[in-house]
Amino acid sequence: MTMRGWLTRKRVAAKDRLQPSHARPLRDRLSENISELENIFTLTPDLVIRTFESRLVEGTAAIVYLTGLVDKNSINNNVLRPMLERDQGEVGILDLLSVGKVSIAHDFGTIEKEILAGSCILFVEGRNEAFVLETHGWPQRAIEDPQLEASLKGAHQGFVETGIQNIALIRRYLPNRELKIKDFWVGDRGATRVSVMFLHDVVHPEVLQELEDRIKLIRIDSILNTGELGELIEDNPFSPFPQFMMTERPDSAAAHILQGKIAVVVDRSPSVLIGPATFSAFFQSVDDYSTRWLVATFIRFLRGLAFLIATFLPAVYIALISYNYEVIPLDLILSVGESRERVPFPPLIEAMIMELTLEMLREAGVRLPAPIGQTVGIVGGIVIGQAVVQAGIVSNIMVIVVAFTAISSFIIPNYDMASAVRLLRFLMMVLAAMFGIVGIIVGLMGMIGHLIQLESLGVPYGSPLAPVRFSDWKDFMLRLPLWSMRERPAGARVIQSKRQGDNRPRGDGK
Amino acid sequence: MKKYAFNELTIFQYIFLIHGAQVGIGVLSMPRELAEVAGTDGWLSILIGWLAAVAASLLIINIMKRYPGQTIVDLLPLFLGKWLGKAVVVIIAAYCGFASLTVIASTAAIINTWILSQTPAYMVVILLALPTYIVLQGGLRVLGRYSELIFYLTLWMPLVLTTILPHTNWLHLLPIFKEGLGPILTGTKSTILSFLGFELAFFLYPFLQRKQYASLGIIVANTLSMLIFMNITLFSYAFFSPDEILQYTWPTLNLWKVIEYRFLERMDIIFLAFYLFYLSTTSFPYLYFTVFSSSQLFGAADHRKHLGIALLLVIAILWLYTPTFMDLQKWTEWWSYGGLLFGYALPILASVPIWLLRRSVKG
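Note that the protein sequences, when read in sequence, are chains P and B. When you read off a place in the first sequence, starting at 1, and then add 332, the result is the number in the numbering used here. When you read off a place in the second sequence, starting at 1, and then add 1378, the result is the number in the numbering used here.
There could be a bad hint or two in this list.
[Unchecked claim] Once the Cα atoms are required to be at most 30 Å apart in a straight line, the calculated BS3-like pairs of lysine-lysine come out as: (1) P/Lys806 x B/Lys1589; (2) P/Lys485 x P/Lys806; (3) B/Lys1589 x P/Lys830; (4) B/Lys1567 x B/Lys1556; (5) P/Lys512 x P/Lys433; (6) P/Lys433 x P/Lys485.
To be clear, the hints were calculated from the coordinates, so they are not data collected in a lab.
The task is simple: from the sequences and hints, build the whole structure.
Structure representation (C-alpha cells):
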C-alpha cells in the first residue's frame, strides 16, 4: 500500500467489524425457531437443545442452554420436572417453574445474548415468545483471602470472578438504599457487565457523569479485566502513576464508597476499580483503621519514608559517590571507596546491574509456584548477593543500598504504586548519574509538577497535598482517631460531607 | 465576565505565588549587597523596602479592585487604545520574559560555579527546562498549587539554619544607625527591588477566588518574604564579621557551609540543590505570565505552544551566549529598572487619574 493510500484509507469502524445481531422476531412454530437457533450457533457442541412433549402446555416444548454455563440441578429439578409431570391443575407456565427470575424474549438477539450469558431458554410450540430462565451456574472459585492485599485484622474475603457476587460482597458492608448501581455493557464481541456503584446522596454528580461518559465511549471487542477498563478511561495515559485504585477487598471498596468515591465492578474480574483516586490513598490500607491510631500513624510515616527511599536511595548513592562526594565526610568516603576498590564499573552501571537483577528475581518469583519460588530466593539472595561481591563486580555498599530499596518498595501497600516507584527509581538513577544532586532535585521537581496536575476523573490527584487541604490531613500521613474525622475527605469531591456525629469517648464521665 | 473561572486561585496559592516570586536569586547575595552600602545596618533597609513594597502592592490591588475579572493584559488596551495598549503589553511581556531569563541564567550560573563546574551551562538550562514545561503547561492553577506545596516543602530550611546559632555574635549588629540614616536609605534602593514579584498581582488579581482578601494576602506575602530576607541577613551579619561578609559573593551559601554533621558535610550543596525549588518559584510565574501575555496578544487560547517556544528561546539564548557574572549583574540591574517602572511607577501613575476620577464623581 502506498503511503498516500495508507493515509487516506477508510478506517473500519468498530461497529462494522461485528456480526450483525439477530434482531429477528421469534416465529410461532417451534421447529422454525430451533432451526434458526441452530443457524446462529454453528460449531457449538456445548449447546444443548432438549425437545419434549409437555402436558402442561399441551404440545411440544424445548429448552436450550449452553452446558457448563448453567446450573444443571436447577434445570432438572425446577424446569424439566414440573414441565414433564403428569398431573397439574389449570396453572400457567410461570406459576410452575420454580426459578427466581423469568423474563420473556421476543427476538433472537436477546435470546442469543441470554444463552451466551448462561440462561436457559424455554420455547413453546405455538408461541412467538420464549421464556428466559435465570439458571446461571458457571464454574467459579470459592471466596478466598485476597492475594495482593493481605490484611492482618481486616476481613478475609476477597472478590471473585463473578460480578454479581462481588456486588453482593460490597452490599454486605453497605446495606443502604442510597447505594445505587448503574449497569453498562462494555465490549461488542464479549460484552462485559460493568456495574458502577456509588452512594447516591454523597457522590458528586459531575464526577459520576464524567465516569459514565467515559465508560459509554468505549468501543472495543471485549475487556477482560479491570486493568483494561482502567486504562481505557484514565485521565493521563502517559503518567507512570496509577490513576485508579484497584482493590480486591470488599471492605476496602466499601470504605472508599463511604468516602464518596465510585466503585466499578467489572464482571469476570476479581478486582474492583475505584475512582477518583488520590495519590495518598495508595499509601493507606484497611488495616490502618483496625489498629490504634498512633500505631497506624507510625506505619503511615514508615510508608512515606519507604516511598522516598525506594524512589531516591540508589539515585542519591550514585550522586554522592560519583558527583558530590564532597558532601560525605572524608572517613566515610574512604570506607566507601575501599569497598568499591575492585569494582570495574561506574556507579550507574553497578547500580543498574543490581537493580535489574533485583527486578528479574522479583518477576521470576511472581510467576513460579511456591516450592520453586523459594529456590529463586536462595539463588538470588545467597548466590548472587554473596558471590557478586566476592567476585568484585559490585561493591558491598551497593548490595546494601539495593536491599534497602527492595525492602522499602515492598512496604508500599499498593502493587500498582509500587510498580510506578520502580520505574521512577530508574529515571532518578539516570538523572543522578548525569547531574548529581541537582539532577535528583530536578527530577523531584518534575515529579511534583506532574503529580500536581494529574487528575483522576477530573478531581485533583495530589489532594490533600496539592491543592493543600489541611482538613484532609487528618487522614493523610497522620491517621488521627476516627472520632476526629467527622467529615468525608474533601479530596473525593462530595456533595454531602458529614460522616459522623460527636463520638469522642469521654470515659465514664459525661 | 468570568473569563478566568477555570483557573481560580485560593488565597493561600495567591500568597505563596507572590511570595515565591519575591524570594529568589537575590537572597543568596543580599547580605553582601546590603553590607556594601549600609554596613550592618542593612537589615533596617529591608524594613523600609518592605514598607515601600507593601504600599505599592496595596496601590496595585486598589487599582485592580475596580476591574475584577480583568488582568493587566485586558485592561491596558481598554485604557490606552488598541495599539498603544498592545505595545505596552508587549513591553510587560518582555519584562516578565527578561526576568525569567535572568533568573534561569543566574540559576544555571550558580549551579555551574557551586556544584556542577564541568557541565556546560546550556545543559543545566535544558535540565531545568524539563520541570518548567511540566509545571507550566498545566496553567496558573497548577502553578498556584506548585508554589504553595514548595513553600511547605522548604520550611525545614530556616529550621536547620538555626543550628548555627551558637556560632553567632550579635554584637556585630551594634550600634544601630552607626553611620546615620544615609546609608540605610541607599540600601533601600536595592531592597525595594528584592521585593519585586508583588507586581504579578496585576495578573493574579482576577484569578483570586475570594477577592476581599487580596490586600491582606499581598501584605502577608510581602511580610513572609521580609521575614526570610531578615532571617538570612541577620544571621549572616551575626555570623560573619562586618569585613568578612564583603568577601563572599554569596554569603548565604557560605553560611550553610559551616553546618556539618558526622555523616554529612557541605550542607551548602544540599541547600543549594533544594534552593532550586525556591528559584523555580521565581522563574515559573514570570515565564508563565510572559507566555500568558503573548498568547493573549495573539488570541491563542492554549498557552502551551507559546511556552514551548519561549523555553526553546531561553535554551537557545543561553546556548549561544553564556552570560558571565558581570553580565548577570547587569541583567539584574535592567530587570530592576523594569521592575521599578512596572511595580512602583505604574501603580502610582495609574492611581492618579483614578483618584482624580473618583474625586470628580464624588464632588
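**Message:** Hint check: B/Lys1567 vs B/Lys1556, CA-CA at most 30 Å. Holds or violated?
**Reply:** 19 Å, holds
**Message:** Against the 30 Å threshold, does the CA-CA distance of B/Lys1589 and P/Lys830 hold or violate the hint?
**Reply:** Holds, because 28 Å separates the two Cα atoms, which is no more than 30 Å.
**Restraint status (C-alpha distance of P/Lys512 to P/Lys433 at most 30 Å)** = Since the Cα atoms of P/Lys512 and P/Lys433 sit roughly 20 Å apart, the hinted pair holds (cutoff 30 Å).
**Prompt:** Within a Cα-Cα threshold of 30 Å, do P/Lys433 and P/Lys485 meet the stated pairing?
**Reply:** The hint is violated at about 38 Å.
**Item:** Given pair status - B/Lys1589, P/Lys806, alpha carbons within 30 Å
**Value:** Roughly 28 Å between the alpha carbons, so the hint for P/Lys806 and B/Lys1589 holds.
**Prompt:** Holds or violated: P/Lys485 with P/Lys806, Cα cutoff 30 Å?
**Reply:** 22 Å, holds
Consistency note: the structure conflicts with earlier hint 6 alone.
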